[in-house]
Amino acid sequence: MPYRVLSLDGGGAWSLIQARTLAALYGAQTSGHQVLTNFDLVAANSGGSLVLAGLVENLSPNDIAQYFLDEQKRRSIFSPTTSIGDTVLQSTLGIGPKYSAAAKLPAIERLLPNTGDRPLAGAAAGVIGPGGSAVHLVIVGFDYDRNRAVFFRSAPAGRPGWGDGEPADVTLAGAVHASTNAPLNYFDAPAQLPGAADRFWDGGITGCNNPAVVALVEAVVLGHPAADIRLLSLGTGSVSLPLAAPGATPSPLEAPRPTSTLVGDLGKLATAILDDPPDAATFIAHAMTGGNAGLQPPVISRIVRMSPLLSPFPDPPGGWMPPPSWSLAQFQYLCSIGMDAVAQTDVAYIDDYCSAWLDGQAPNQPIRANGATFDPRHPEIGYPTFGEARAAWQALFAPGAGAAPIV
1 MPYRVLSLDG GGAWSLIQAR TLAALYGAQT SGHQVLTNFD LVAANSGGSL
51 VLAGLVENLS PNDIAQYFLD EQKRRSIFSP TTSIGDTVLQ STLGIGPKYS
101 AAAKLPAIER LLPNTGDRPL AGAAAGVIGP GGSAVHLVIV GFDYDRNRAV
151 FFRSAPAGRP GWGDGEPADV TLAGAVHAST NAPLNYFDAP AQLPGAADRF
201 WDGGITGCNN PAVVALVEAV VLGHPAADIR LLSLGTGSVS LPLAAPGATP
251 SPLEAPRPTS TLVGDLGKLA TAILDDPPDA ATFIAHAMTG GNAGLQPPVI
301 SRIVRMSPLL SPFPDPPGGW MPPPSWSLAQ FQYLCSIGMD AVAQTDVAYI
351 DDYCSAWLDG QAPNQPIRAN GATFDPRHPE IGYPTFGEAR AAWQALFAPG
401 AGAAPIV
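Each residue of the sequence shown is one higher than the one before, starting from 1 at the first, in the numbering used here.
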C-alpha cells in the first residue's frame, strides 16, 4: 500500500514558495487539515517547519503565505538583535548575528494562536492520513549542547530491532523555534525553550536542510517498505550558476571562483547552512526507494521534487541568458537575496519568480542534474518544469477519501 510523505525544506522567507506550491496543488483556500490528510507523514526543517505548523493550525495555503508576504509578520520573526558587538561585526566584517533568538519564540506563538502552545506529541491527533492513522510529524533540529541532530516527533517511531524514537516533549511553537534558529550570520543565540535547559540550532546544521532522507528513514522505521513510499519534496529555491573557468573573469551569469581568505571563508561557512546541497537529499531518497524500477511514464521516480531553480539557460554559441521575462539585472538581484529576506522588494522578487516557475517560465530543480552539460532544461533525472513534476505528482498522489482534491 502506498505510504505518502511530504518533505518541506528550510529557507527562511523563501518558504513562501512552499505555501504557494501547496496552493497550486491543493487549492489556495483549502484548510490546512484537508491538505495534511493527503499524507501519512510530514517532515520539515526550519522555514518549512513554520509552513507545517500553519497546516496544523488549520490555515489555508494562502493564509500561510501571509507569514512571508506580510512585512509585519515577517519582521516579527527576523527581529533585530540589540547587541552592539553584533552590529559592529556586521558593519565592519559583514559577518555575525543580525536577529534576536529570544524575540522569535513569542513571534511564532502569535502566528499559531490555537496550536502553538500545544504539545507536539499528538499535535496531529484527529487529522487522519490516507493509511487511516493520524498524520505523523517530524521537525528537524540540532541539539547545541549535545552536538547532534534531534528529531521532534508527534508520535513514537520504533519497532523491534529498530530501537525507539520517542515523541517530543516540546510544544509545536517550541519545535519550530528550535528548527528555525540559524546561527552565526542570522540569530544571536541558541534557541532556548521555557522551562528546559536544552538549547538548539537550526536543523540545517545537521545536513538535513532538505529533510527528504529524514522522512524516508522515519517511514522505513515505522515499518513501510521503501518501494511503497511516495515522497513529495518541496523546496524553497536554489541558485545554480555555471562555474567560471579557472583564472577566467566570470561572465555576469557565471559563478566566480572565490579567493580563500579568513573573513571570506567565515562568511561562506556561516551561510553554508542552506547548502546541503538540496539536490543530494532527493537523489539519495530516489536511490533508496528503487529509482525508476516498476514505474511508468510520466513517472520516473517515487520522489517528486518541486522547487524553483535560479539558473540561466544556455545562449548559443556559448553564453548564458536569464529565464524569459527576466532582465540580467533583475536575475542577478534575485540570486543575491538571502534567506532572511525582510525588505518588501526582496519578497516581491521571490514571489514573482515563484509565479514564473509555476507558469513554466523558470526551471524546476532536478533530482540529479546533468553533470556533463550545464542546462537546467535537460536534467539527468527529474522534471525540468513544474508542470512535468505536477503530472508525476498527480499519478503518484491520487487523493484518498476525505482528502483535499487535486486542482
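By construction, these hints were calculated from the structure, which means they are not laboratory data. Cβ atoms here follow ideal geometry from the backbone N, Cα and C, with glycine treated the same way. Be aware that a few hints might be false.
Claimed, not checked - Straight-line C-alpha distance at most 25 Å; calculated SDA-like pairs for lysine to any residue:
no., residue 1, residue 2
1, LYS98, TYR349
2, LYS98, GLY122
3, LYS268, GLY207
4, LYS73, GLY126
5, LYS268, ASN147
6, LYS268, PRO256
7, LYS98, GLN332
8, LYS268, LYS73
9, LYS98, GLY126
10, LYS268, PRO250
11, LYS268, GLY294
12, LYS73, TYR349
13, LYS268, ASP346
14, LYS268, ASN292
15, LYS98, ASN114
16, LYS268, SER355
17, LYS73, PRO190
18, LYS98, GLY264
19, LYS98, SER79
20, LYS268, ALA189
21, LYS98, TYR144
As the list claims (entries may be wrong) - Across the chosen pairs, the derived CB separations fall in these ranges:
no., residue 1, residue 2, range
22, ALA372, LEU328, 23 to 31 Å
23, GLY158, GLY319, 53 to 61 Å
24, GLN361, ASN62, 16 to 24 Å
25, GLY291, ARG148, 26 to 34 Å
26, ASN370, SER251, 17 to 25 Å
27, ALA226, ALA395, 40 to 48 Å
28, ALA226, SER251, 12 to 20 Å
29, ASP169, ASP315, 36 to 44 Å
30, LEU262, GLN332, 21 to 29 Å
31, ASP169, ALA372, 19 to 27 Å
We went through each hint and held it up to the structure:
With a CA separation close to 22 Å, the supplied pair LYS98 and TYR349 stays within the 25 Å bound. Distance restraint check for LYS98 and GLY122: the Cα-Cα separation of roughly 34 Å exceeds the 25 Å cut-off, and the hinted pair is therefore not satisfied. Our distance criterion of 25 Å between C-alpha atoms is met by LYS268 and GLY207, whose separation comes to about 16 Å. Straight-line distance between C-alpha atoms of LYS73 and GLY126 comes to about 29 Å, which puts the hinted pair past the 25 Å bound.
For the hint linking LYS268 to ASN147, the alpha-carbon distance of about 21 Å falls within 25 Å, and the restraint holds. Distance restraint check for LYS268 and PRO256: the Cα-Cα separation of roughly 13 Å lies within the 25 Å cut-off, and the hinted pair is therefore satisfied. The hinted pair formed by LYS98 and GLN332 meets the criterion: a straight-line CA distance of about 24 Å does not exceed 25 Å. Restraint check for LYS268 and LYS73: the C-alpha separation of about 28 Å exceeds 25 Å, so the hint is violated.
At roughly 39 Å between alpha-carbon atoms, LYS98 and GLY126 are farther apart than 25 Å, so this suggested pair is violated. Of the supplied pair hints, the one linking LYS268 and PRO250 holds, its CA atoms being roughly 19 Å apart against a limit of 25 Å. For the hint pairing LYS268 with GLY294, the CA-to-CA distance comes to about 42 Å; that exceeds 25 Å, so the pair is violated. For the suggested pair LYS73 and TYR349, the alpha carbons sit about 18 Å apart, so the restraint of at most 25 Å is met.
Our distance criterion of 25 Å between C-alpha atoms is met by LYS268 and ASP346, whose separation comes to about 21 Å. This hinted pair does not check out: LYS268 and ASN292 have alpha carbons roughly 36 Å apart, beyond 25 Å. Of the supplied pair hints, the one linking LYS98 and ASN114 is violated, its CA atoms being roughly 29 Å apart against a limit of 25 Å. Our distance criterion of 25 Å between C-alpha atoms is broken by LYS268 and SER355, whose separation comes to about 29 Å.
About 22 Å separates the Cα atoms of LYS73 and PRO190, which keeps this hinted pair within 25 Å; it holds. Between LYS98 and GLY264, the direct Cα distance comes to roughly 18 Å. Compliance with the 25 Å bound is thereby established for this hinted pair. For the hint pairing LYS98 with SER79, the CA-to-CA distance comes to about 8 Å; that is within 25 Å, so the pair holds. Note on LYS268 and ALA189: the hinted pairing holds, with a Cα-Cα distance of about 19 Å set against a maximum of 25 Å.
Under the criterion of a C-alpha separation no larger than 25 Å, the hint pairing LYS98 with TYR144 is consistent with the structure, at around 19 Å. Restraint check, ALA372 to LEU328: a C-beta distance of roughly 26 Å satisfies the suggested window 23 to 31 Å. Restraint check, GLY158 to GLY319: a C-beta distance of roughly 55 Å satisfies the suggested window 53 to 61 Å. Separation of GLN361 from ASN62 is about 22 Å and conforms to the stated range, judged on CB atoms against 16 to 24 Å.
At about 31 Å, the beta-carbon gap between GLY291 and ARG148 stays in the expected band of 26 to 34 Å. At about 20 Å, the CB distance of ASN370 to SER251 agrees with the hint of 17 to 25 Å. Take ALA226 and ALA395: their Cβ atoms lie about 19 Å apart, and the range 40 to 48 Å is violated. In this structure the hint that ALA226 and SER251 lie 12 to 20 Å apart at CB is violated, the actual value being about 43 Å.
Between ASP169 and ASP315, the C-beta spacing of about 55 Å breaks the proposed range 36 to 44 Å. The hint said 21 to 29 Å for the Cβ distance between LEU262 and GLN332, and at roughly 27 Å that hint holds. Distance hint check: the CB atoms of ASP169 and ALA372 are about 49 Å apart, inconsistent with the given range 19 to 27 Å.
In summary, the numbered hints that this structure violates are 2, 4, 8, 9, 11, 14, 15, 16, 27, 28, 29, 31.
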